[in-house]
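There are 2 protein chains.
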Amino acid sequence: MSELYVVGIGPGGYADMTLRAAQTLNACEVIVGYTVYVDLIKAHFPEKTFLTTPMRQEVERVRLALETAAAGKAVAMISSGDAGVYGMSGLCFELGKDYPEVSIHTVPGVSAVLSGAAILGAPLIHDFAVISLSDLLTPWETIEARLCAAAQADFCICLYNPSSRKRRDYLSRACDVILRHASPETVCGIAQNIGRDGEQTRVLTLAELRTTEADMFSTVFIGNSHTKVVDGKMVTPRGYKHE
Amino acid sequence: MSELYVVGIGPGGYADMTLRAAQTLNACEVIVGYTVYVDLIKAHFPEKTFLTTPMRQEVERVRLALETAAAGKAVAMISSGDAGVYGMSGLCFELGKDYPEVSIHTVPGVSAVLSGAAILGAPLIHDFAVISLSDLLTPWETIEARLCAAAQADFCICLYNPSSRKRRDYLSRACDVILRHASPETVCGIAQNIGRDGEQTRVLTLAELRTTEADMFSTVFIGNSHTKVVDGKMVTPRGYKHE
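Protein chains in written order, with the working numbering: chain A, 404 to 646; chain B, 404 to 646.
Do not rely on the hints blindly, as some may be mistaken.
[To be verified] Calculated Cβ distances over 10 Å to all of chain B for the following chain A residues:
hint: 1; residue: G413
hint: 2; residue: T421
hint: 3; residue: F453
hint: 4; residue: L454
hint: 5; residue: T456
hint: 6; residue: M458
hint: 7; residue: R466
hint: 8; residue: A473
hint: 9; residue: C495
hint: 10; residue: L517
hint: 11; residue: T545
hint: 12; residue: Q555
hint: 13; residue: R571
hint: 14; residue: Q595
hint: 15; residue: L607
[Stated by the list, open to error] Computed footprint of chain A on chain B, listed as stretches where at least three residues anywhere in the stretch have a Cβ under 8 Å from a Cβ of chain A:
hint: 16; stretch: 484–497
hint: 17; stretch: 522–529
hint: 18; stretch: 532–544
hint: 19; stretch: 554–561
hint: 20; stretch: 568–577
hint: 21; stretch: 603–617
If you're looking for bench data, these hints aren't it; they were derived computationally from the structure. Predicted, not measured: the structure shown is a model, and the values here were computed from it. Where is the CB? At the ideal position from N, CA and C, for every residue including glycine.
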């Protein structure tokens, strides 16, 4: 049986992965990944063979990893954050059906929903919804329905892919949907370049978020009706009964 | 300025924490935590002072950590999973207002939503909602409204605290709410004792989940309408446009 490990490396560099992730990469011969993520960790694994593919070529990258594993090498495919959140682990299982001799394992990592929350304070202490604003593979109507449902039920909300060059106004449109049910004073936060050079955070109101541009390296957090600002941090209480 | 680090150690033992978490614990003099979590990692930090408090005494534990930091020691407070998901980091910021001389930092960890997903396959590849079934601090009406909204908008759902001795039927009641909008054939999964002795997973339908008991060491996953079983794994596709 050949082995393919799908490894989430967390938000930034080497220190942000788990010890298990580092051990797994050390135990594999070949590490496959998107060029940018490989560059974040390459120096720590000098004896490994690295195979990289450019952005958006997810199917080709997964096939490359599966073919290399099927040829008898222990392979790790790395993903930024966690491979299971808008990541590649699903595609590995789906395409892996064509390679019955390859056994697929996943090693979880710290996704931006957790690392972004950590630098903003404690926005996700209670129930939350994670929604991607990318309509590349999902109709906008589905995204809007989820934003609306999450706001109506007073979830904290974390937005992945808040904008891109082709979708400059999506964050503003998302805020408009949320504003149907949430106060313009709702506490929000933006976490940018988490764990990397240029890391920064901003805490602001939902009304302010509506007119703010967040770039593609940002993760956006929208509090629930109980979220507050404590010493500049975004903090959601643990429960609501005893307030 | 004194320092308090709130550190998520991930689901299981030493290997499940990030390198940054291990470095942080090594750099602190005192490690504070709930007895069970301290026992999971204690052997790896033989020279540290450990302070433990029993379950449910969260406010006392946070005050102990803040007092110790205020007295001039570098303190880490550890949390299972991630301290920012139903965890203690929010309480640290809230009570930290009384200790202006203590600077609070958070180190994220792999929460059960990510580690449970990893052992079940890839259930959270698309938008998801995380909901706790504990009504200790939240009215059941709020929990029910969130379950209903998440199911109606076809989110994947991850349930924390699916049951306890006093709430044996809560998982069944939650399934009844979700079944108002989701098919009884919806793919579900249970991850038990993640990263610890006795780790196991089960993939089943929503109808089966309704009559299954999940203990307090379980995390429950309910797929969206596109989630499928691939070689025994629970897999949600990345998008819906090109199916």
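Tell me the numbers of any earlier hints that the structure contravenes, in ascending order.
The structure conflicts with hints 1, 2, 9, 10, 11, 12, 20 and 21, although it agrees with all the remaining ones.
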